[in-house]
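Q: For the sequence shown, the residue numbers in mature numbering (1 follows the signal peptide of the UniProt record, and there is no 0) are -26 to -1, 1 to 363.
FYI, nobody ran anything at the bench for these hints, they're computed from the structure. Glycine included, each C-beta is placed from N, C-alpha and C at the ideal position. Heads up, a few of these hints could be off.
[As the list claims (entries may be wrong)] Okay, derived cross-link-like pairs now, DSBU-like style, lysine-lysine, Cα gap no bigger than 35 Å in a straight line:
no.	residue 1	residue 2
1	Lys192	Lys142
2	Lys192	Lys328
3	Lys217	Lys192
4	Lys18	Lys99
5	Lys328	Lys318
6	Lys66	Lys99
7	Lys142	Lys66
8	Lys142	Lys99
9	Lys22	Lys66
10	Lys22	Lys142
11	Lys22	Lys73
12	Lys99	Lys73
[What the hints assert, rightly or not] Using C-beta positions, here's what the derived DEER-type ranges look like:
no.	residue 1	residue 2	range
13	Trp102	Glu149	39 to 45 Å
14	Pro213	Thr307	25 to 31 Å
15	Asp10	Ala250	27 to 33 Å
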Amino acid sequence: MPGPRRRIAFLVCACFVTLPPPPAPADEFDRLGDADLSRPVIQKHARKQAGLNFRELAALPAVLRDARSSLLIVVTDQGNVARLIASPGFRKAPGDPNKLTPTLVVDRFETRDPANRAAPLARGKDAWLFDGFGYDLDAGQVVPVDMGADVRFVASGSDDGRLIPVGKAELFVVESLPPAPKASADRPSEGRVVRPADYNGSYRLAANGVWSGLLELKVDPEGVVTGNYRSDSGGAPHPVTGKTTGDHGVEFTVTFPRTRQDYSGWLWGEGKNVIAGSVTMINQTFSFVAVREGATASLATLGLKIAPGKPEARALTLDESGENFLIDADPATHPLSDLAELLKADLDATVVVKAPGAIAFERVRRFVQAIEDAGARSVRLAPIDRASP
């Protein structure tokens, strides 16, 4: 019968070779990022340990249904809270395949400030700790024990090892999962995991650079979406119906009197203030983005102009020489070389080109080409007797 060392090594190798990779990001480990992990909560759901050897790690309760290893919590020397999944491992010695070296594998970890859980301070996966190695969970790095390590691994013989907290750091074994906070009606939940209720709220929506308006979404506990959409061009609000999807997305339809727009999008996990995706109308698909009203991130940061109003149109009239032009109602003439300087203030404005009926079309074509070369994004040609844009 094989000895204990060989049995442990076989099980560890089987785990690393035959099991599939950890589940997709929205598993139970990630959901803990939303949970309150203050010291009273940790003390209620976890047990403090001075250290853990291989057998103690193997005997820990499986609190995560979708993880093969034990869930631990470390309060770092800086007071931050790290949750990690760790397991015993063995590495073959170079040149001697029969000699195995005990190691500790940090399968996954994430460290957050308990006073500000909005974003992780550090995260990582698949870190191997050999005998004497330390790990700084605040920085997410393998370090010498005396250089800020929060935990260290000490091998014990050829078939065992021990995970030990360092200095002021504290090690806890999670025995039951703390409850995840519920999203309130007026703000999304904390953390990066998107829940159906996180879609609740009002958004400034822009689609294809053409449509914009105010989108209001309400999501019930079953994931059913209702609301309305009011276009910036005016008119009555239009009903919105839909549902959240199993991949943490949302699908909804805006119904207009004669057509409809079908949206499919996903809420950004960081901040939960932006929905991005695609919209289909009359068998054509376009992109859209919706930014939560009151979001702390400015629209300029996202490179967007939401509801800018109707762009001002510029009327450029080519004179009969084909070398000069007028701007709007200004009687002063300008050479073609002035186009770039005159248009750069608002390249999104529609340029309406007018020309005398007697002028050669080739001159008009060169004028339009010069306007496009100056950076104008929308150019429209109109006869001189239809000057108004």
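Q: Check each numbered hint against the structure and report the violated ones by number, ascending.
A: Violated hints: 1, 2, 13 and 14; rest satisfied.
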